[in-house]
Amino acid sequence: DQQVKQNSPSLSVQEGRISILNCDYTNSMFDYFLWYKKYPAEGPTFLISISSIKDKNEDGRFTVFLNKSAKHLSLHIVPSQPGDSAVYFCAASEGYGNKLVFGAGTILRVKS
Amino acid sequence: ETGVTQSPTHLIKTRGQQVTLRCSSQSGHNTVSWYQQALGQGPQFIFQYYREEENGRGNFPPRFSGLQFPNYSSELNVNALELDDSALYLCASSWGPSGGNEQFFGPGTRLTVL
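Protein sequences appear in the order of chains A and B. Anchor point for the first sequence: position 85 equals 85 in the working numbering, and the numbering is continuous, going up by one each time. Anchor point for the second sequence: position 18 equals 130 in the working numbering, and the numbering is continuous, going up by one each time.
Note that these hints are calculated values from the structure, not bench results. Each hint should be verified, as a subset may be incorrect.
As the list claims (entries may be wrong) - Covered stretches of chain B, as calculated for chain A (at least 3 residues, CB under 8 Å): (1) 153–161; (2) 215–223.
Claimed, not checked - Label-pair restraints from in silico Cβ distances: (3) B:Phe181 x A:Met29: 47 to 55 Å; (4) A:Ser12 x B:Glu165: 44 to 52 Å; (5) B:Thr121 x A:Gln3: 29 to 37 Å; (6) A:Asp55 x B:Arg163: 32 to 40 Å; (7) B:Asn183 x A:Ile107: 18 to 26 Å; (8) A:Met29 x B:Arg175: 22 to 30 Å; (9) B:Thr132 x A:Gln14: 26 to 34 Å; (10) A:Ile18 x B:Pro120: 36 to 44 Å.
What the hints assert, rightly or not - Heads up, incomplete: computed chain A residues facing chain B, CB under 8 Å, no partners named: (11) Leu34; (12) Ala41; (13) Glu42; (14) Gly43; (15) Phe89; (16) Leu100; (17) Gly103.
Using N, Cα and C, we set each Cβ at its ideal position, and we do this for glycine too.
Modelling step: build the complete structure from the supplied sequences, incorporating the hints.
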C-alpha cells in the first residue's frame, strides 16, 4: 500500500531550466509534507517542507506547491544546476513530529 | 554542531545472525527514528524513540528492536537475519513531537545478509 507515490523514476533537465518533480499521496490524514535530496553514499538531506494550511512555500531556488484537493505536491527548482543532480524523495506525515512516509524517489539529472 | 553519525558504515552478516547498528543524534535532538531503505525504494519507517521510549513503530516484525540511551544515541538490533534484511539502514534525529518535523539523517549503514 503505497501512500506516497512518485511516478517518475527519473527526470533529465538542461542547466538553467526549471525542474518539476511530482508527488501524489492517498492518505487524507497527511498534513505535513517534505522534500529530501540524496546523493550516493550520503543520507537524505532536508530541502523544504510545507504544512497543509499552505499551498506554497518558497526557499531560494526551491518552491513546493501543495494541491490538497488533488492530493498532489510538486517541487520546482529554478534555475536548475548540475549540483542539483541527485535522488529526490517526497515524504509525508500525519501530525507534527511523527513518522515520515516516503515515496520511491525521482532521479534528477541536470545536464550542463 | 555535530550531525547525525552512524556506525558501522558497512556490515556483512549471514542468515540467522544478529546485528546491532548504532546512531548518534545531532546535538540537542531528543528523538531518533530508524528507517530501512531497500534498493530502488524510499526509506521505510521502522520505529521512533523519544526520550528513551518507543514512540511509534512501522510494519516490521518484533525481531527488529531498538534502544535509546540517556544521551539520546540509539541502537537498532535485528535478530535472526534474513536475506531480505539486506538494505541501507538510516537513522534520523529531530527535536521531537513539539520541536519540529524535519528529520536529519545520518549517512546510513549498508547491511548485506548472505
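Evaluated hints:
Three residues within the 8 Å Cβ limit are the bar, and the region 153–161 of chain B against chain A gives 6, so the coverage statement holds. Note: the region 215–223 of chain B has 6 residues with beta-carbon separation from chain A under 8 Å; the three-residue rule is met and the coverage holds. For the pair phenylalanine 181 of chain B and methionine 29 of chain A, the beta carbons lie near 32 Å from each other, so the given range of 47 to 55 Å is not met. Checking the proposed 44 to 52 Å range against serine 12 of chain A and glutamate 165 of chain B shows it holds: the Cβ atoms sit about 46 Å from each other.
At roughly 31 Å, the beta carbons of threonine 121 of chain B and glutamine 3 of chain A sit within the given window of 29 to 37 Å. Range check, aspartate 55 of chain A to arginine 163 of chain B: about 35 Å between beta-carbon atoms, so the 32 to 40 Å window is met. The given range of 18 to 26 Å is broken by asparagine 183 of chain B and isoleucine 107 of chain A, whose C-beta atoms sit roughly 37 Å from each other. The supplied range of 22 to 30 Å is met by methionine 29 of chain A and arginine 175 of chain B, whose beta-carbon atoms lie about 29 Å from each other.
For the pair threonine 132 of chain B and glutamine 14 of chain A, the supplied restraint of 26 to 34 Å is violated, since their beta-carbon distance comes to about 46 Å. One distance hint, 36 to 44 Å for the beta-carbon pair isoleucine 18 of chain A and proline 120 of chain B, holds here, with the actual separation near 41 Å. Taken as an interface hint, leucine 34 of chain A checks out: its beta carbon lies about 7 Å from the nearest beta carbon of chain B, inside 8 Å. With a cut of 8 Å, the hint placing alanine 41 of chain A at the interface with chain B holds, because the nearest CB-to-CB distance is about 7 Å.
Nearest Cβ of chain B to the Cβ of glutamate 42 of chain A: about 6 Å, under the 8 Å cut. The hint holds. Given the 8 Å rule on beta carbons, the hint for glycine 43 of chain A holds: about 3 Å separates it from the nearest Cβ of chain B. For the restraint placing phenylalanine 89 of chain A at the interface with chain B, the shortest Cβ-Cβ distance is roughly 5 Å, inside the 8 Å limit, so the hint holds. For leucine 100 of chain A, the interface hint holds, the least distance from its beta-carbon to any beta-carbon of chain B being 6 Å, beneath 8 Å.
Of the supplied interface hints, the one on glycine 103 of chain A holds, with its beta-carbon coming within about 5 Å of a beta-carbon of chain B, less than 8 Å.
Hints 3, 7 and 9, counting from the list given before, are not met by this structure.
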